[in-house]
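Per this note's numbering, the sequence shown runs over residues 103 to 412.
Don't take every hint at face value.
[Claimed, not checked] Below, in silico cross-link-like pairs of lysine to any residue (SDA-like), each with a Cα-Cα straight-line distance of 20 Å or less:
#1 K402 x C371
#2 K314 x H399
#3 K402 x K314
#4 K314 x H348
#5 K248 x G331
#6 K232 x M370
#7 K258 x Q369
#8 K242 x W380
#9 K402 x T374
#10 K258 x H399
#11 K182 x M316
#12 K232 x H353
#13 K238 x R249
#14 K242 x S225
#15 K238 x C217
#16 K258 x G243
#17 K402 x R249
#18 K258 x Q201
#19 K238 x K248
In case anyone wonders, no lab produced these hints; they're calculated from the structure.
Source: prediction; values computed, not measured.
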Amino acid sequence: MSFEARCSGRLIKAHDLHIGRLPKLTRYQRKEALRELAKAGTHKPTSRGATMSAEARFRGLPLQKKLVPQMFLTYFDEVKYQHGVQPYYWLGGIMVEAQLVAVLEAQVNELSRECFGRAHLESGTEFHAKDIFHGKANFKGWDAAKRIDVLQRLSKIIDRHDEIYKVPIRLEPARMLASDPEHKAFMFFVERVQMQLCHLNGIGMLIGDHEKSMVGASTYNLSRYREHGTDYQFGRAIDRLIDTVHFTHSHHSRMLQLADVYMYVQQMCAATSERRSWTRTTLVDFIRRETKLLAPHRYKDWPTAQSWYA
103 MSFEARCSGR
113 LIKAHDLHIG
123 RLPKLTRYQR
133 KEALRELAKA
143 GTHKPTSRGA
153 TMSAEARFRG
163 LPLQKKLVPQ
173 MFLTYFDEVK
183 YQHGVQPYYW
193 LGGIMVEAQL
203 VAVLEAQVNE
213 LSRECFGRAH
223 LESGTEFHAK
233 DIFHGKANFK
243 GWDAAKRIDV
253 LQRLSKIIDR
263 HDEIYKVPIR
273 LEPARMLASD
283 PEHKAFMFFV
293 ERVQMQLCHL
303 NGIGMLIGDH
313 EKSMVGASTY
323 NLSRYREHGT
333 DYQFGRAIDR
343 LIDTVHFTHS
353 HHSRMLQLAD
363 VYMYVQQMCA
373 ATSERRSWTR
383 TTLVDFIRRE
393 TKLLAPHRYK
403 DWPTAQSWYA
């Protein structure tokens, strides 16, 4: 990872790195930055109070160097709670570096050409996991084995554990006192995305499937979190997410379709139903055996056994 990708998008002087004038950089990050600067010249340390330029410290370097963090896009979707059918409310998705998006889109488009004979974005070429699994909409009349193969291939596209970062949130509304699991799930999701961006030393944006019930509340809450931090006594500062929450229809985005597949297999593998059809067993066994989709990078299950308030 380049020096530009490690820090916070500011003009940084080598002397500032030495004496710790950048409070948002940890001691470790300052050392890493200085190590990268030193590659281009000879280190010339000076006294703590001196004001020598970067050239005097590192020969051949400009006075200042602009630090540009990596950009990550997070695509998310939900699985709604249904009493007696779906015991959890799920919200989550996949985070990818911006440069990787075109690669993933090309892979899904290739599968689209095989399935539909074309790849341009429209409702007739959408990969919607529930429709694929149950043989509806674009997959009506398809053989079960062929439909499961499509889901397996989409799952393998997502299965790049070191490049696609997975963030699922699972709430159990029946055990919660609060009546708005959507709000709490979104807050937990934003916190986990923030944590992963800090770990990657990047910045990011949220892109969601267009649901009227989510658009207004999500954009408002993210702006509030960015200004004041998340709720409750131990809320987190949110400074790695930029702009607002962007929404579009899933048939307009291959990446949202991959997020939909990811969340669908999450809830399916967590299901406790004793009814196990061939299609369900085959897909679940494949996910568990052949992928790392059940190994999230950040997650939250709520409430836990230790939760005193939910």
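Hints, verified against the model:
no.: 1; hint: K402 x C371; result: 16 Å, holds
no.: 2; hint: K314 x H399; result: 29 Å, violated
no.: 3; hint: K402 x K314; result: 25 Å, violated
no.: 4; hint: K314 x H348; result: 13 Å, holds
no.: 5; hint: K248 x G331; result: 47 Å, violated
no.: 6; hint: K232 x M370; result: 10 Å, holds
no.: 7; hint: K258 x Q369; result: 17 Å, holds
no.: 8; hint: K242 x W380; result: 18 Å, holds
no.: 9; hint: K402 x T374; result: 19 Å, holds
no.: 10; hint: K258 x H399; result: 17 Å, holds
no.: 11; hint: K182 x M316; result: 12 Å, holds
no.: 12; hint: K232 x H353; result: 14 Å, holds
no.: 13; hint: K238 x R249; result: 10 Å, holds
no.: 14; hint: K242 x S225; result: 14 Å, holds
no.: 15; hint: K238 x C217; result: 14 Å, holds
no.: 16; hint: K258 x G243; result: 24 Å, violated
no.: 17; hint: K402 x R249; result: 31 Å, violated
no.: 18; hint: K258 x Q201; result: 19 Å, holds
no.: 19; hint: K238 x K248; result: 13 Å, holds
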